[in-house]
Structure formats: structure tokens, C-alpha cells
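Enquirer: What follows is the residue order along each chain.
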Amino acid sequence: MKKILIIEDDLLISSLVQFRLKKDGYETILVKDGNEGIHAIDTIDPDLIITDVMMPFRSGIEIIHHAKKTKPEIPIIVLSSLGEEEEVVLEAFNLGVADFIPKPFNPNELAIRVRRVLT
Amino acid sequence: MKRKLLLFIFFLATLSLSFGQEGLLPFRDSAALIQELKLQEEIPSFSYKFFIPKVSKNSKIPGDSTFLWVETDTAFISKAFKNGTLIDSLYEPLKGDSASILFFVYEEKTNINGLRSYLETMYATGDFVLAEDKEQPENDILLVASSNNYQPLDAYKNRLLGDFKLLAVTLIILFFIFSAASMIIFMLIFKTQRNQREENIKNYEQEIIGPLTNLLFEKDLEEISQMSNEEISDIFPKSLFKKRLFKQVLIERIIGLNKKMKGEFKDKLKTLYKRLGLVELTKANLKDSRWDKISAGLVQVNEMDLGELINEVKSFTNSKNFYVRSLAGATLLNLSEKVDLSFLKDQDYPLSDWQQMNYLRIIKFVGSSKFLNIPILLKSKNQSVREFAIKLVRMLGRVDLIAELHMINEASTDDEKIELINTYDALGAHMEVEFINNCMLSTNPDLKKIAVKAAGNLGNSYSEVILMDILVQTIDFRLRRACLTSLSKLNTETFEKFVSTQPLPENQALKAQIQDPLLSNV
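Residue numbers (the numbering used here), protein chains in the order written: chain A, 1 to 119; chain B, 1001 to 1522.
Treat the hints with caution; some may be incorrect.
One side only, chain B facing chain A, incomplete, derived with CB under 7 angstroms [to be verified]:
| hint | residue |
| --- | --- |
| 1 | 1217 |
| 2 | 1219 |
| 3 | 1249 |
| 4 | 1257 |
| 5 | 1260 |
| 6 | 1261 |
| 7 | 1262 |
| 8 | 1263 |
| 9 | 1355 |
Below, in silico cross-link-like pairs of lysine-lysine (DSSO-like), each with a Cα-Cα straight-line distance of 30 angstroms or less [claimed, not checked]:
| hint | chain 1 | residue 1 | chain 2 | residue 2 |
| --- | --- | --- | --- | --- |
| 10 | B | 1202 | A | 23 |
| 11 | B | 1243 | A | 32 |
| 12 | B | 1219 | B | 1287 |
| 13 | B | 1262 | A | 23 |
Treat the hints as calculated values from the structure; they're not laboratory data.
This structure is a prediction, so every number in the text was calculated from the model and none was measured.
C-beta atoms are modelled at their ideal positions from N, C-alpha and C, and glycine is treated no differently.
Please model the complete structure; the sequences and the hints are all you need to start from.
Expert: Below you can see the structure in the form of C-alpha cells.
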């Protein structure tokens, strides 16, 4: 079973994403801020990371930096309401993220993208 | 020696008092003075002795040890007594012996006048009090006590109450202590309540997440819209739904999710909002007197597309609160494609740039400018609304409304004229050249400058004449540059001719700049 780490401070959004991905048979781990996210990357070995950008303590960009430095093989999908800000999107892609999904988003669309990244 | 000195001082004092305070004591004669002595238990430095003259050499000392008689050649003299009240009782057994009394002051013998002087001196200094005066206060106190009810005499008994300054300072300190204590208690209560509220919100969120997620993924839109009340009660217990805070949290969560979701999830959330009866809370918010509640209600109407509340929203478009009327306007524009801008026509308050920008953004997002009814705004009594209408014609590229704009050309203010010229310029309205020419002759420098710039694109031969006139008359560099730029755009030959006939160094420099493509926008 593929393991997906979801780093998102909005509990309702993360629960929705978790619910949708569980339906597709993935194991999911939820964390609610940047610090917990970095700790989770170091301690567990996820197959995919889904992260927000604007979060308490550490931003999503810092998480991507850390993940690419310590475990570069893990694909990352960014899920953020900063999708309209070109600089953020470009920086994320320059760091090597697999996909960028702007909010508002459709969980079904996210599920399709996750499947594509993991296959 | 010492005693003699004291006697001398006493003598001087007696002398001075006998002159200065004669008759101070109320004794009419020596009998009265003796009578007074009989009432005094003790007078400082005063004593008396009994004196019995010897009848013969063989007379014997009276056999009474009380007197401790001392025998002299001519008499028997008793010891000194101080207590005047004993005079009568001591004298009584001596009556038969022809006894008399000798008075002593500072152990020196004196007569009745000397004694009187001494007593007057003592009386003047307060060291001697008449027996009558000693008894009087006791009698008075008893009389007062018997004739008046008991009242505690607290004045000056408690120093704190007697000293006004001390009392004031104490009261101020007490006030501050009381205030500080009250504030601390208030803060503690407030913090406890807030913590409790936050704790409740967290709990409610936990109770909302699961059912809401299930609903969104397990049921399609039709199923949600057809849910019975029993089904809803199964998802969210009635006991929770009775709590206002729970409903508020639910509304916030649904609206928050609605902003971050798209596709069928948005529709599901809106349907769910209505099925859960949360519209009633929105209505209550709109009826509230507090502006923040009304704003929350307007946001709910806006986010959840509650078209049935459109009339309530309209009533806030002319609210005195800037935020409320801005939200109401934005909500009306967002709610339906068929909502026009007529609600702005009668608005009393000026439209700020922020409001205009916000409305324009929504109008562009909704993408249905045909139903906006812009011409009605041109008839508004509010200048900022008319200006907004002119800007909208420009921003939305509504060439079909140029004729409507033409009708207000003459009646408009200078600020409106600036917007009109900008619009004509942007839309290429050559038919308005006469209006632009007239504006070039205006005394308002801003209007003149805008008209000059527009003349470069829309002007005619008469515009060239006006431009040259302005160039001859004005010394304003920016206006001159604008005139020359417009003239060069209108007619290159006229421009060249004018510059050659007016060989000013500034004209040559401006010409060089205008004709240099690299400097054309500098």
C-alpha cells in the first residue's frame, strides 16, 4: 500500500483529501504544520508528499527544500491557494515538484494526479 | 538659700498678680477662703498647723498622737497637715484649748492675705481649681448623660477618619486596588470564557469534519437536496444543532470549504447549506443591528448564492457603513447575472476607487455586461457614480454607449469630462472631436492636458489651430510637450512648419525627443 504524507494546516481540507485518497486505497498520514511535516519526512518514508505552501512555523517551500535534500526520490505535489502567484509556482517547479494544484481544487482531480504521479 | 530664692520668686509673682489679677478668686472674705480650703484635699506647697498657746509653764501637751505636738516656750504646735477637708474634724477636739490655725506656703508661715495671693497665683496658672469647678463637670456630664440619648463620639477617635488627606489617599489606594482586582477578575472570566469557546469550537470542528466529508463524497447533489429531516438529524444531532456556536462553526467551515473547492463539491456545499437550515441564521444576521453581523450575513449570501435574500441585500446598498454597502453591492453583482447596477444610481455616498475596482472585478468575472444598465448610472445625482459609469464604458469597451455619453458632455463636471475624454480616446470616438476641442480651451490645466493628449488621436484641423495657439501662449513645459506630440501625430507637416517658424531651443529639443523612437515614452 502506497504511503502518502499530507501536510496541510486546514483540518477540513486535509480530511477531505485523506478521505478521497483512502478511497483509492492509499495509506495517508496527516500533519498540520511545517515542523511536523519535516519531522514526518525524516521519520517515515512516504511514497508521495502533498503539501500546502502557507503554513505555521515552516512554509511549503522550506519543506520541499528539505525533502529534496534528504529524500530527493519522493515526488511532491503542491496544493496551494497561491496558485495565481507566478513566483511561487515557478520556485516550486524549479525545486523539482511533480505537480502544482491551485486552490480552489477538486479532490477527484487531485486523486487522478496522485495516481499519475505514483505510477 | 534655694528656699529663699523660691520665696523671693513667689513674692514677685504674688506682687505682680496682686496688681494684675486682683479679685481673681470669688472669695468675699477670709471666712469664704477658709471655707474653700476645707473643700480642698491638697493644695501644692500649702500646709497648715494647729497652734495652742501655753496658759502656764506647767501646761501639758494634749495627749493625741495625731498631731505630734511640738512644745515651744509659749505654745504647742502640731505637725503640718495638707488635707483641707480634715480641718473641721481635726479642730473639733481642740476647741476647748483655744487652738488656732497657722498657714504655711513652702513651709513658711503666712497670713490669710499671703495665702490668698498664693492661691490667686496658682489659680491663674491653672494649678489650683476651685472645689466648685471640680464638681461642676461631673454634675454636667451626669445631667447631659441623663437628658440625651447615647451617641458614640467618634470624631477624632479614629485618626484615619479625622485626617482628611490620609482618608483621601487611603480611598484612592483602595480604589486602585479594587480596580486592579476587578480587572484581574474580569480578565480571568473573559479568558476562561474565551478558552471555553475555543475548546467548544475545536470540539465542534471535530464533530463536523467526519460527517461533512462523508456527505460530500458519499452522496451526490440530488441525494443531498432530497435528504429528509431524519437523515439530517442522523448526521448532525439535534442537540448540537440547537447551539448557536455549533451552527456558526458549521457555516464558517462550509463557507471556508466552498472557497477552496470547485466543481460539484461547490454545488453540494451550497445545497447542504440550505438543507441544514443555515439560511435562517443568515437571515438573522442580516436583521441584526451590528454591522459586523450584517457583513457576515452578506458574506454568507454571497458565498452560498442565496438568491432568495436579494431584497434584504438591496436594502444595504445605501448603508451608512462603508464596508456593509461595499459588500452589499459586491453581493448583488455576484448573485445573479441579471442583477444590474441600478442600485448604485440613488446611492448617497461617493464610490471610492477601491469600491469601483471591486465592482469592476466582479463585473468582469461574471462576464455579463449587457445587463448592467450603465446608462441609468449616467443619470445619477452622485458624481462618483456617473464617473464610474463612464469608466465602465471604457473598461468594458462598450462602444454602443458612446451616444449615451455624448448626451452628458455639456452638463458634466471637469472631472467627468476628463473621464469622458479618456473614454473617447480609448474607444476612438472621432465624432466627439468638437467636445475635445472645447476642452482644450478650458482653464482647468488637468482637463486641458487630457484634451490635448486626446486631440493627437481624435483631433481635426481646428484642433491643430488650437494646439498651436496653446503652444504660443503657454510656458508650461509638460503641456507644450503634449501639444507638440499631438500636433506631430495629427499633421507632421504642420508640426515641422511650426517648429521651424518658432526656432526656440526647447521646441527643437522636444522635436528631437518626439521623433526619436527610443525617447518617445520618456
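Enquirer: Could you run down the list of hints and mark each one as holding or not?
Expert: Evaluation of the provided hints:
1. 1217: 6 angstroms, holds
2. 1219: 13 angstroms, violated
3. 1249: 11 angstroms, violated
4. 1257: OK, holds: residue 1257(B) within 7 angstroms of chain A, min 6 angstroms.
5. 1260: For residue 1260(B), the interface hint holds, since the closest Cβ of chain A sits about 5 angstroms away, which is under 7 angstroms.
6. 1261: At about 5 angstroms, which falls below the 7 angstroms cut-off, the nearest Cβ of chain A leaves the hint on residue 1261(B) intact, so it holds.
7. 1262: 4 angstroms, holds
8. 1263: 4 angstroms, holds
9. 1355: 22 angstroms, violated
10. 1202(B) to 23(A): 26 angstroms, holds
11. 1243(B) to 32(A): 28 angstroms, holds
12. 1219(B) to 1287(B): 33 angstroms, violated
13. 1262(B) to 23(A): 19 angstroms, holds
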